[in-house]
Structures are given as C-alpha cells and as structure tokens.
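Q: If you want the building blocks of each chain, they are given just below.
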Amino acid sequence: MDFSFNEDQLLIADTADAFLTSASNSAQVRAAMSTELGYEPALWQQTTQELAWQLTHIPESEGGLGLGYVELCILFEKMGKHLCCSPFFSTVALSLNSLLLVAANDCAKSAIAAIAEQGERFALAYSGGGRLVGLDSITALYHDSDSYNGVCLTGDYHYVIDGHTASSFIVAAKNASNGQLGLFLVPKEKVDVAWTATMDQTRKLARVSIREAEVPASNILSCDSTTKGTFENVLNLACIALAAEQLGVAEQCLSQTVDYISERKQFGRAVGSFQAMKHKAADMMNRAEAARSAVYYAACIADEFLGGQPLGAELSEAASIAKAYCCDAAFFNAGMALQMYGGVGFTWEYDVHLYFKRAKAAQLTFGDSAYHRERIAQLVLEQIA
Amino acid sequence: MDFSFNEDQLLIADTADAFLTSASNSAQVRAAMSTELGYEPALWQQTTQELAWQLTHIPESEGGLGLGYVELCILFEKMGKHLCCSPFFSTVALSLNSLLLVAANDCAKSAIAAIAEQGERFALAYSGGGRLVGLDSITALYHDSDSYNGVCLTGDYHYVIDGHTASSFIVAAKNASNGQLGLFLVPKEKVDVAWTATMDQTRKLARVSIREAEVPASNILSCDSTTKGTFENVLNLACIALAAEQLGVAEQCLSQTVDYISERKQFGRAVGSFQAMKHKAADMMNRAEAARSAVYYAACIADEFLGGQPLGAELSEAASIAKAYCCDAAFFNAGMALQMYGGVGFTWEYDVHLYFKRAKAAQLTFGDSAYHRERIAQLVLEQIA
Amino acid sequence: MRLGFTQEDERFREQVSDWLADNLVGEFAKLKFRGGPGDEHMFFAERAAWEKQMASGGWIGIGWPEAYGGKACSLEQQVIFHEEYARAGGPGRVGHIGEGLTGPTLIAFGSEQQQRRFLPKILSGEELWCQGYSEPSAGSDLANIASKAAFYEDEGVWKINGQKVWTSLAHESDWCFVLARTDPASKGSRGLGFFLLELDQPGVEIRPITQLTGTSEFNEVFLDDAVCQADCLVGEAGQGWAVAMGLLGFERGVSTLGQQMLFQNELSEVIKIAKQNGAAEDPVIRQRIGDAHMGLKIMRYNSMRTLSANPGDGTLDRAALSYKLYWSSWHRNLGNLAMDVLGPDAELVEQQPYDLTRLQSLFLFTRSDTIYGGTNQIQRNIIAERALGLPKETRGKD
Amino acid sequence: MRLGFTQEDERFREQVSDWLADNLVGEFAKLKFRGGPGDEHMFFAERAAWEKQMASGGWIGIGWPEAYGGKACSLEQQVIFHEEYARAGGPGRVGHIGEGLTGPTLIAFGSEQQQRRFLPKILSGEELWCQGYSEPSAGSDLANIASKAAFYEDEGVWKINGQKVWTSLAHESDWCFVLARTDPASKGSRGLGFFLLELDQPGVEIRPITQLTGTSEFNEVFLDDAVCQADCLVGEAGQGWAVAMGLLGFERGVSTLGQQMLFQNELSEVIKIAKQNGAAEDPVIRQRIGDAHMGLKIMRYNSMRTLSANPGDGTLDRAALSYKLYWSSWHRNLGNLAMDVLGPDAELVEQQPYDLTRLQSLFLFTRSDTIYGGTNQIQRNIIAERALGLPKETRGKD
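Protein chains in written order, with this note's numbering: chain Y, 55 to 439; chain G, 55 to 439; chain Z, 1201 to 1598; chain P, 1201 to 1598.
You may find that some hints are simply not true.
Covered stretches of chain P, as calculated for chain Y (at least 3 residues, CB under 8 Å) [stated by the list, open to error]:
| no. | region |
| --- | --- |
| 1 | 1485 to 1494 |
| 2 | 1572 to 1586 |
Cβ pair distances, simulated, as ranges [to be verified]:
| no. | chain 1 | residue 1 | chain 2 | residue 2 | range |
| --- | --- | --- | --- | --- | --- |
| 3 | G | ASP68 | P | GLU1550 | 51 to 59 Å |
| 4 | Z | GLN1476 | G | GLU317 | 53 to 61 Å |
| 5 | G | ALA367 | Z | GLN1476 | 21 to 29 Å |
| 6 | Z | GLY1204 | G | SER279 | 29 to 37 Å |
| 7 | P | ALA1430 | Y | THR69 | 39 to 47 Å |
Under 8 Å between C-beta atoms, here's a sample of chain Y residues computed to sit facing chain Z [unchecked claim]:
| no. | residue |
| --- | --- |
| 8 | VAL247 |
| 9 | THR250 |
| 10 | LEU259 |
| 11 | SER263 |
| 12 | GLN393 |
| 13 | GLY396 |
To be clear, the hints were calculated from the coordinates, so they are not data collected in a lab. No residue lacks a Cβ here, since even glycine has one placed at the ideal position from N, Cα and C.
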C-alpha cells in the first residue's frame, strides 16, 4: 500500500500548477468567462497540443500516454484550483471516458483519435432536464430506421456542458419501444444548440435539440444490454473528475482565506488571530484534507476499474463518496471564505464569488449530495445482512 | 398582541422556581431517580396538595383554577430546569389533558375530580412499541363484549411514562373489526405493569400488559369518530408540555455552563474569555431564546384551542414546531455543556449528564424531530397552492 | 400573554391596506415586491416618487412623536403597518435611513435648528439619506474610523477627508451622516464627530461597488475636503460615538415582522417550485422545507416577544440581541434551499449574459446578510459579552 | 499510488489472523470485542492474562527496534496487525500505554539502565503502565502542572506531591509516568521533570472517577510524598516537557486502521438494527447511514494517506493533524445515530438498575472523545497555528 504521489505525479502536479498560474490567472479567467464561447482558444490549443493533457489516460495502444486516472485527477484538481475555463472537462471527463469504455468500437476509436490528435472538442448530452439524475433523466428516444442501416433519434437535452462549442456529440437516448439505452455519436451539423447562460460563468451549459436525426450504424457507440452499465460508469468517472476539481476549489479557498486573514487587521490584530477565525480555518483544512483523500482513493479505484481489477467493483461507491464529500467541502469552504473575507468577498472584484458559484454549480451537477448519500446508503444496506 | 408574561404569570414562575430550588436540588433528584418509584412521595404530596399545581388549567367549573396552558407550561419549564422527578407529566400533560378533552363524559369528570382532589396518579398507555409514532404505534385491540355492556381489551404497551406507579390508566386501543380508536379508563388492578429501567433515570417508563380486560361502558372515555382527533390533540398538548420542560433544560444548561466557564481558568484566563467558548455560549443562548418563543407561542395556541377559538386550528403546527425545536435546542445545549465543561462534565458527580440524558430521551419521545419536521412540511405543502 | 390585535388595531390595519391598494397602482404597480435587498438598484426614480406618494398619505414617520410631525403610532400599529406594507408588495423604501435613523437621531440629539431644517424634508420624502460609518479599516472594528474632520475657523465650516464604504443608496441620496475624527490624535470611540453631510458637492465622489451579483447597491464614498457647515455637527465634537450608538437603540424591531413577510413570500415561491418540479416529494427536501417554515415561524414569535417585552429604553433583551444572527442564518439557508429545490435549473439565469433570477439573487445576496450590520462573529461576541456577561475579547496592543 | 498490500504483507496478515484465531479462545473467548473505550473497566484480570499471552506470541512491541527486543515491523505490517487484531475482536489492550508510550519514550530519552529495567517487562506483559499528565488545573493547558517533585539528597529519592486526574487504568497498573515540577519557582513548560513512578506505595492513593455511564475507567491519583528513585527521572530535571512532547510524536497512526475496524463493527450493528426495526426505510435515517459510511471510508483513506506520507520524523502532516477532530466527531455522530435508529427503545437499559447497552455506552462515551487527548477546541487551535501558520492565541497575563 502506498497512498502518496510518486515522483512523476508530483512533477505533473507542479507543472500543471505552474502552467495554470500563468495561463489561467484571475484576469484570464474573467476574460474567458465573460464570452459566450467560454474559453480562450489559445489555451485550448496549448493544453491539447503542447501539453497534450487529453492524452493522459488514453492507452498507449490508442496513441495516448497510458497514464492513469490519478494523473488525470491531478490535472482536474489544478484546473479547479485555477478555475480554468476550458472544454477539457466535457471532452475528457465525459466524452473521452465514454469512448474509452466502448473502445472496441471502431466509431469510438476514430473519435478517440480525433480528440487525441486534433484536440477536437466533444460534449455529452443526456439529460432531458429537471431534477432527475443520470439514467432517469434521459428522455430522448430513438428507433430503428426503416430506410437505412441505423437509428433515428429525437430529443431535447439540457445542461449540456460546453455543448455550444463542441464539434461532436455523444448522445444518450432510449429505445422508443423497449427502453434500452443507446449511445450515439452525432456531429454538430445534425443538432441545434443554444448557449444557456449560467450563474457560474466559468463553466458553460447549452441546450441541444435533435429532431429525427439519422444516425448510421457506423455511429452507434453502444446499444445493447451493457450500455446502461457503461453509461453509469461514465458518470461515475465524471463524478470523480468533478470531485477532483472541487478539491482544488476547496484547497484554494482555504489558502487564499488564510492569506487574507493573516493580513487583514481589525481591533489592532490580524483577524486571523481571533479564535473564531482560526477554528473556521481549521474546519476548512479538515474538509480539504478529507476531500483530498476521497478524490485520490476514488482515482485509484478508477484505475483499478479501467484496468479490470477486482477493486474496480468499488467504483460506484468511491465515486459517490468523492462527489458528495468534495462538492460539499468546496461549497463549505467557499462559503466560509465569503464570510471570512467580510465585505470585500462580496464584491465582483475579488475572486471568492467565482469559487463560490462554481462550487454550487458542481453540487447540482450529476446529482446533489443527498442523491449520492442515498446511493451510498443503498449500497451499504445491501452489503450488511 | 401582548406576548409577554403578565404579573400573575411572573409570580407563578418565581414561586415555582423557588419551590423547586429547595425541593428538587441535585441531591434530591439523585435520590429520587435512583429508586424504582422514581419520585419522592412527599414532593408529590406538596405539589398536588399544598401547591395544587394539577389544578392549574382545570376549569373552575370542574374544581380547578381555570388558568391557562401558558401557566401550566411555566410549571413544566421550571420542572425541566430542576429535573424534577415526578409523575406530574404523566398525570397532567398526558392523562388530565385526555380527560379534559372528553370532559362531557361522566367517567372523565370523576377521574378529573380524582386528580384534582386526591392527587391521584394517572398514566396514558398507547404505544405498542417500536419506531412508529402516535396513532400509528397503537397495537392494542378491543371488541364489544357479548357478555356485558362494554368492551374487552387486550394489548401490550411500551414506554408508558410512570406506568408502574400509576393508580389508573387511560389506554388507547383500536376496534378489532373496524380499526376505530377508543380511549378507556382502566384501574391498575386490571393490568400487569413492570418498570423498564432507562438511560435517563429522571423519568421512569413501564411496560403495561392487558389481557382480555373487561371495560364496562361506564369506563369508556371516548369511542367514536372524534376519538382519533382527541387522541392526536392530547399528544399535541403533551408535546407542548414536553417542549416547555426542554426549554427549562436548554436554559439551565446555558446558565450553568456560563457560570462554569466564567470560573474555570486555563492558560491564565477564564476559559469563557476564549472566543470559541463565547461563540458556543452565544449559540446556546440563541437556541434557548428561540425555544422560549416556540413554547410560549404554542402554549398560547393551546389556550386558544382549549377555549375553542379559531387560532386553535394551529395546534398541530405549533406543537410540532415547539416539540422539534425545543428538544433539539435542549440536546444541542446539553451536548455543548458537556463539551464546555471538559472532563468534569463527563463525571457522574456533575449534573450535566442528567440534563444530557433527559434531553436525548425527550427527543425520542412522541416522535423525533425528523418526524415533526415532516409533519410540518406536510401541513405547509398543503397550505401553499 | 395574548395573541392577536385589538379591534382598533385591526381597523388601522384595514386603513393601511386600503391606502396601499388604492395607491400602489398605475405608475407604481410595477414596483410591487421590488427594490428589496439584492434588488435595491432597481427603479430608483420610481421608488423616489413613491416615497413622496407615501408622504402625501402621511405614512412616513408614523412612529415619530407628534411634536416632530409624526403620528406617534403605537408599537402594534407600526408592526401592522410594516406587515401590510410587505403583504401588499410595497417596494423597498429609499427613504428608510432618513426615517428610521436620521430622524430619530436628530429628535434625540439634534439641535432645534437641525430638527426644523431636516425633519420636514424626511417626512415629505424630498430628501433622502444614506449612512457613512464603515471604512476600509473600520468594518467589524467600527470605532477604528480614520476619516478626519477639521474645523476651518475662517470659513466657518468643517472639512472632512477620508473614505467611506458599503454606503448603500449613496449615489441616489441627498445627505449622508458621517462619523469622522474631530480629534486627529484620538483613537477608537473617543474624538469622533457625527456630521450631516450634503452629497452634491465637489469634495464628495461616489463610486458604485459591483457585487457578486453583477449589480451595485453599495458604494464607496471618497471625501476630499468635503465641506460640512458648522451647524451640521450633531452633538458636540468628540461625542459622535455616543450619537451613533444611541441611534442603534432606535431600531425596536417594528420592521422585523414586515421583513418576515418578505421572507414568507420568498419561501412560498420556493415551495411552489418544489411542488411543480417534484422536489416536494423528496423526503430530504421536505425536511428542509419543514425546517424553513419552522424557522420562520419562530422568527415571528421571537419578534413578537421582543416587541412585547422591549420598552425601547435600551434594556438588554436576549431575543432582540439574537435576532440578527437568527434571521441572517435562516435567510442564507433559504437561499441554499432555493437552489437545491431547483436542481440543475438553478444555474440558468433569467436573461443572458448575466441577469440573475430572483432566487439566484436571493442565494447570492443572502451571503451578505451574515456580514453587514455586524458579522455573525461580531454578533456572537456581543451576545456573549452583553447578554451572558462573559469576559471581553482581549484587544491587540496597537 | 497503489492500493492493496504486497504478497509478503498479506502473508504477514495471515500469520497474525491465524495466531489470533488460535489464541483468542478458551478463557480468552469472552474477551472478544470487549474492553474498548467505554468498556475499559471490564474483565481486567483476564485482559492482563491476555497481555501475557500476546507477549508469548511475540506480538508486543512489533514496531520497536530489534535492539530493544522489538520486531521492527514495517509500518504496513503494524497497520495489518492492528487491522487483524480489531477484526478478530481482540480485546482492549491493558498494556498499550507501556507499549505505545513508555517504551518509545525510554528508547528515545531513557538511560541504558532504565531501558534494561523497564522494556523487557513491557514486552513480557508483566508490568502495566498508566500516564500522569493531566491535573485539575492542567487540562487543555497541559503545561500548567502544579505537582511538585523535590529531591531529598539524604534519602537519594524524589518525593512528589500533587494530584493527577483522568488517569485511565491507574488502579490496575504497576507504574505511572508523571510530569511534576522540579523547579518550584518555574511556570509553564519549563522546570518540569518526567518521572517513572511505582504505584504500589503508601504515598499514592488512587480513587476511581465515576463517569456518566455509571462505570469507572478513569481515576484521580493523589500523590502525597510519593517516592521516586533517583534513577527514575527520565532525562534531566527541568527537561520533562521535551520528553513528554517527544512522546506525542511516537504515535504514527498505525493503530488508526484498527480503531476504524472497531468503528465499522459499531456501524454495522447500528445498520443491522435499522434493517430490523424499519429505520432503514426512513429516508432521513438512510441519509445519515450513507453519511456515516462515507465518513468512515474517508477516515480510512485519510489514515492510508497519513501512513504513506508520514516518515515518522515529526514532519507536520495536515491529514494527521486533523485525524483526532475527524474521528471524534464522526464517532460522536455515530452514537447519536445509534440512538435515533433505535427510537424509543434507545432508552431501555440492558439490565436494571443501570447496566447500559453497548450502544448506550457508545452514545455516552463518545461524548468524551471530543474532550480527552486535546479537546476539539485545542485541536483546532493546533491546526490553525501549526498547519496553517495563523497567529498564536494570546495568553493571559498571570
């Protein structure tokens, strides 16, 4: 058992942090978030071409670096820390994971290559809107086509992360007659997309509409009894990546707040010398530390899962634990930061609100913490006789 | 609108407090709680004969003082504050209230007189045991007797407050054929009782067993379509009385803790000068104050209800609010007290644990706070279109 | 103890609600439920006109003594007024600082001349006020005022230099009351003056502060030789702290029940959404709805108790001291509940690029509730020291 | 990062579990899952015998260096030992203070003579130890020791006077290490001595403290000219604080995973009851069960991280610093959950008049978890100051 970063992982963390410190500073984040596009194309170019971050956990056989989910989570953590505005999450955590899990499929292989080599931006569309989560939220329908070899697909998709700037879509839909889930590759030409502006401006959402789209058989990623499980595991993996981002948020809120309260004076003392402040900071640290443990354990389990190892069976549990804990920790820490900054934290000028909004958005993405706690309870209640 | 005590009420509060300060001090509480009986007969004698507290809200027409539920709650608050060990709660908050709500009944009238004049001890038995609350917890059954004018009743009752020392019982049972609720008066001769020792020693519980008991028609308190509502209102009134006790607990935990941390020194300072301690004490005070508002509002509503006024319709809501809030406040404050006393609070010698145990017991009596919050939510969701 | 109001009070209630029903129409109709916290930047001109409308109905200063132009309404009637105002959706008042703070301060501490000069204009809705206490270095440590006021004998005026912050409505107000140091060598609460400062002058620059909502309700006010006439000092030079603190005593909680009416509107909106989108069937959300309702009810009971018990003589009242902490925490939780009830829809703004929905504004703006007017930390200190008698916080050595 | 253990470690695990399966039988069978916190008063004589059984198997001091009679097991193997011990229901150790605290302290700070005298008896399970730090006035302020030690040249002994408190197992132990003031004029952490004190002597009186559970695990120890031989002072007179603090550094968290195994047993019991009595169908209880499980899992991950990262050289590690606060809060919540799952049945004791059930003991005893070994308040101070570098708490003037 060795539950600490090795030298290579430490190097990845330092490099990513250094890069984002200069490429995703407050001014750059604010510039990117205020556009509809939502990211800086030059940054995307750098991360996918120069740094080739999207290759991280693609197997070497598919042209990737063959590293693991731990390494990927290191990147997500740093992106969260720097609030990096980028379609990296939608492309890698959602779409690439979907493709890797159906990798035997030729269609998936070429899509993986498009991401790996051209840095193409993908989005995953599944939810029909509302409070339902995951599989339950899918309302889009497909049916086998009479006129060609393939399916015909219709649906409205909400909350599609970076949907309005993706060039290709992985979409989920249910068979109109038997309800079986299918995952399909759809180029942007066949969909209508509209940006839906959000409270958290650092991550963009879109609405995607598909009307009687012809999806040829060659674009079917998965459409059998395994698809449901695949889709659920995609969301599990995405939850872990999101949790990693939120670890970065939690940690950054802590360190910025500690800096601020060490400087800010009231009553002739640094406010950080007041016990009420110190104890709050201690609580923030405890949450950040626990979040770190939860994320990296889940990332290790993701590697076990991707490698077909027995511990991979823990994926759902580890993902729910990481998602629920880290999102709550980030929101707690961001809320505390707002409180401890006092008035200035409430201004647009300081960055605290950006973290706070991001943290709330993350809580509401892929099911809130109550959802995941219930999911954990279900697993536990089944386990214990 | 005048939501403050009048002169008479202030006098009742002061008198009760002074009496219990000398009649229910720590040594006296510990002496009473360590017996199976659970109370000091001389104290019972004093409260029912000299002070005649049980007369408080009995109408003058029935030989009572004709005061209100507010006055009664003042007494319960002080009894909670002093952890008074007494069958007053079972006799007055549960049994007398049941009798008053069916007062037209002759059987009830004579039972009221027995309480009023002889200070007889009554207990209410209804729950068949387990986590179900109120009406849902009743498992005892009755059926009309073929051989005499009355019903025949069988049931096992759990958690009967002061059941082992009561001389009469009011018992709830459901009609074996149609499920309709009935309330019956049963003398102790017809039941088997056994003390069930409890973690909170300051309030005793018993198990009561009734096997094919003959209940003559003259002992039927209520047995028609109104009985269910009556029974629910008895529990509502009992919840308010319990909440009043817990207000006393919450307040006493606060004031004792403030005294202790003002005295106790560490690091060359009174520990009460540390912000962490001060802020906890402030949180305790806020809860005690809110608890006070909740109790006395509910007590006013109880008076409106007992007087047949329109605001009486708020009884369920006000009772659930008082029950949930005050029990949680008392438990919070008692837990804080334990923490703030440090090691000594953990000893048998100090009284903190007595309050802590009493508060936990109260939380679990008449439905826990989650139960009452759900009940409130139901009411609210019905109200708002 | 007695719930409910007298028949006379109920007639007064009717009078208020009738007037509001008759007047909150036409050009004013669109102001309904607008201009509250988080929305204070909206419809300013219209709300200023509404202030005059209120004045014409005689509804400003209803709690002031009759000798000063007020109606000397009882506490109950003031409560009723605020309740009915909120129920009718009366807009956020732009005159509330003048009515609630400046007026009572001048009545208690002002000269007869100051009273004659300023009180009528407040009652007529013609002059609007803002408050200038906080400074960048005087937040929680309010007495740490750095602004300086110097008296120029020759010109017969005070000149004030410094910076005020978190001044709401400054850009729309005519006057501001300002705490500034009259004794430059003093520290803390000694050596301060309480000034009435006209805002429309070269020495005053007002810059809006953009909040996390993207809107502006607060301002920075820069004072660069801002001129204040000699007779605009309230009380003596050096006694400003006593005046400022006296002012805090005037808030007797009559507006709290009105505030709670607004909270009820917000909670009802959240519950309606929950019923629409299915959240109301989620047992965890139901717990939170039950809790929110319970919390608001108890807030009301707390206020009723405070109003009944507090004779306004500065007596410490525990329920009153805990009110700020109580409502601000409750309101913050409501903001959070609103988002969680909405689920993923919570993220979608009203209109791009960044017009927030009412509930988003609530969610974000309630984060300031636990900061302004004394942070939760300061509130707990005050409670521990004043109500519970625990030892004072040790101060730094500066 | 790598989960799971090596094959060699897994073989070690098998060895441990086999030995436990073979030995935790017969007279020792009834000790299974007994003697833990809240139950430390039970079966003392049997557990003392078990300690010798452990010694015979060579399982005491497995982390000690070989030169001192230990096995020098790797961190992983120590973890495995604790896990298997807990899994098998190994009873609460009566020798853990000698093994975990006295031994490492003597190895680091003791004289060769002290090491030769005491270490073998610890390893053989023959001599049991308790610790004498806390005093009535030295709780959170541990350095505020009032006990005094004076050296009597003629007799060649130290005599100690004072009172120790919260000394667990004192009435069953042979020796106690005691902090006492060698310089009577000193204050705080200076001027202390670290003494090895034999308990069976006239100058030592031990009085059990009855806890809120009605049972006694802790004691008061009154020292009235308690005699300590000259060679039983560890380190120099006046340097006792450094010895005592060095001792704190020895806890490297190897026992935490074992502790968590006990927690898992407790949680599983609660869950079983929930399934039996219907609480498991209550969505609010389900949330809390999910939360408890999540919390315990993360506690495990935290420990794994601490164990992997902590080289035992005293490096500050954030996850390690937060461990006490984390587990004690979790455990307290579990106690509460247990009661709420049971509902009204939670009140019924095992046997009258006051034999508490296991879960009642858990509920009550976990209330001390957040106090002993540094209250939650002290833990937060330590974290804020050591890990986050925030300014030190101001001290009083005495």
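Q: Each hint needs a verdict: does it hold in this structure or not?
A: Do the hints match the structure? See the list:
1. 1485 to 1494: holds (count 7)
2. 1572 to 1586: Holds, because 7 residues of the region 1572 to 1586 of chain P bring their Cβ atoms closer than 8 Å to Cβ atoms of chain Y.
3. G/ASP68 - P/GLU1550: 51 to 59 Å: Violated - the Cβ-Cβ distance for G/ASP68 and P/GLU1550, about 42 Å, lies outside 51 to 59 Å.
4. Z/GLN1476 - G/GLU317: 53 to 61 Å: Given range 53 to 61 Å: holds, Cβ gap about 56 Å.
5. G/ALA367 - Z/GLN1476: 21 to 29 Å: 27 Å, holds
6. Z/GLY1204 - G/SER279: 29 to 37 Å: Since Z/GLY1204 and G/SER279 have Cβ atoms about 31 Å apart, the given range 29 to 37 Å holds.
7. P/ALA1430 - Y/THR69: 39 to 47 Å: Once the Cβ atoms are compared, 60 Å apart, the range 39 to 47 Å for Y/THR69 and P/ALA1430 is violated.
8. VAL247: 14 Å, violated
9. THR250: 5 Å, holds
10. LEU259: This interface hint holds because 7 Å falls under the 8 Å limit.
11. SER263: 16 Å, violated
12. GLN393: 6 Å, holds
13. GLY396: This hint holds: Y/GLY396 lies near chain Z, its Cβ roughly 6 Å from the closest one there, short of 8 Å.
Going through the hint list in order, the structure does not satisfy hints 3, 7, 8, 11.
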